[in-house]
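So the sequences go chain by chain: A and B. Take 16 as the starting number for the first sequence in the numbering used here and just add one per residue. Take 261 as the starting number for the second sequence in the numbering used here and just add one per residue.
Treat the hints as calculated values from the structure; they're not laboratory data. On a predicted model such as this, the values are computed, not experimentally measured, just so you know. Among the clues, some could well be false.
To be verified - Mimicking DSSO-like on lysine-lysine, the simulated pairs with C-alpha atoms at most 30 Å apart in a straight line are:
#1 381/B <-> 141/A
#2 57/A <-> 79/A
#3 79/A <-> 468/B
#4 369/B <-> 63/A
#5 143/A <-> 269/B
#6 381/B <-> 482/B
#7 79/A <-> 43/A
#8 303/B <-> 63/A
#9 143/A <-> 315/B
#10 141/A <-> 63/A
#11 158/A <-> 303/B
#12 69/A <-> 219/A
#13 381/B <-> 405/B
#14 143/A <-> 386/B
#15 369/B <-> 121/A
What the hints assert, rightly or not - Facing chain A, a subset of chain B residues (Cβ under 10 Å, in silico):
#16 308
#17 309
#18 312
#19 315
#20 327
#21 338
#22 342
#23 354
#24 369
#25 373
#26 399
Note that CB positions come from ideal geometry on N, CA and C, so glycine has one too.
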Amino acid sequence: MAGKEDLKLLGLPLSPFVVSVRMALNMKGVSYEYVDEDLNNKSELLLKSNPVHKKVPVLIHNGKPICESLVILQYVDELFAGRSILPTDPYERATARFWAAFAGDKLFPAWYGVVTAQAEEERAEKVKETLAAIEHMEVAFAKCSGGNAFFGGDSIGYVDVVLGSFLFWFEAVRRVDGLEIINASKTPLLAAWAERFGGSVEAKEAVPVTKADLAVQYISKFRAPAAAAAKLASSE
Amino acid sequence: MARVGGELKLLGLWASPFVTRAKLALQIKGLSYEYVEEDLGNKSELLLSSNPVHKAVPVLIHNGKPVCESSVIVQYIDDAFAGSGPSLLPADPYQRAVACFWAAYLEDKMLTPWGRVFKVKTDEEKAEAMRQTIAAVDVLEDGLKECSGGQGPFFGGDSVGYVDILLGGMVSWVKASEPLSGSKLIDAEKTPLLAAWMERFCELDAAKAVLQDVDRVVEYAKLVMTKNAARASNNN
């Protein structure tokens, strides 16, 4: 019988990358200590564990750090028994890796750009990029799910976790901007998937309802200086 | 374990370092394949249907099924042909996570700015992109130390592995850097381990079989930069 593993996860409340790791650890039924970092006052442990990027998530397993969320997800999958997160078939694994990379390299910068854009023109451009990327994910869902409920088939898998960790941010953007990144008429498969995913035990455990509220607050606070400046400019 | 055979086809471009990665992996694993040189100005139907998302090379087609993105392809080759040739990724999950971390670092921190060198318009922007690239190479020296664990000259230790192949695919372009920009990307005085790595890598049979002629790469790069500059000034 395995001894108790020493697992510590360094994170941030609003990071979707941290959420994805928490989901994976929960799926494996593994217990861990969670530590919220303060980006303005990073802990010694964080700086020592991730000297290259100084970012979260960092998983520290028996004192050894693993960094980069996709690397951590695959590590957790390989190390701990229980449900497979990545597919076992090599071709399906390659497909899952492709879409996880797409979500990280193309979709994330686009939607995060919508959140952080300083000017209307920039935001409009990022909205376009986000909607284009999400259309690709709609096609991806059809291919990966094979008619089942999730990208991973009949249960939640790698791509579900990666894309699913973005959903509370999509909800926040919907509330603040009225923009539906996953729209029931344009991306019906993803819309249905998002509802199923949101209702799952895995999602509910890792993403309390309050996260979307916090994300809304973050967006409002982030945009406040630009909004104030614009107001000032228009009142002169 | 049954030997996985089947038809392998690689869609590529002779100059592409990403395609070179795939060729290196296939060579090292002792796999035969059909190679198809694409014309990026006139992409084949096969390329467009195999990689509708990025419309880019390399694409590996195994028994009619396409795998896209060079790092995904290299991992796929390792997974699907596990019985053939050496393992490209370490057996130990933690070592594997370390390798994957440095593979991600290579892409995000070194290759992203390096790509900009060929695209940006002004000399200042080029210099800044080169500066960032060289800074990443400095950090990669530490990565080599960590991955090899003092077991040998390669990231994989005494044998070639995943990160060696990802960086190895870039070698002709690394060598082209000095004639093109005046700066050495891998400088024996600044990053001695990487310089030694490059020498040893080039001695491999697979490298000799696959790596592009540096002078040809220099000419090609000059052509690309001229085209990009012309396109930029036409847009003004």
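Hints versus structure:
no.	hint	in the structure
1	381/B <-> 141/A	holds (23 Å)
2	57/A <-> 79/A	holds (18 Å)
3	79/A <-> 468/B	violated (38 Å)
4	369/B <-> 63/A	holds (20 Å)
5	143/A <-> 269/B	violated (35 Å)
6	381/B <-> 482/B	holds (14 Å)
7	79/A <-> 43/A	holds (19 Å)
8	303/B <-> 63/A	violated (47 Å)
9	143/A <-> 315/B	holds (19 Å)
10	141/A <-> 63/A	violated (35 Å)
11	158/A <-> 303/B	holds (24 Å)
12	69/A <-> 219/A	holds (29 Å)
13	381/B <-> 405/B	violated (36 Å)
14	143/A <-> 386/B	holds (28 Å)
15	369/B <-> 121/A	holds (16 Å)
16	308	violated (14 Å)
17	309	violated (13 Å)
18	312	holds (8 Å)
19	315	violated (12 Å)
20	327	holds (5 Å)
21	338	holds (9 Å)
22	342	holds (8 Å)
23	354	holds (6 Å)
24	369	holds (8 Å)
25	373	violated (15 Å)
26	399	holds (6 Å)
Of the numbered hints stated above, those contradicted by the structure are hints 3, 5, 8, 10, 13, 16, 17, 19 and 25, listed in ascending order.
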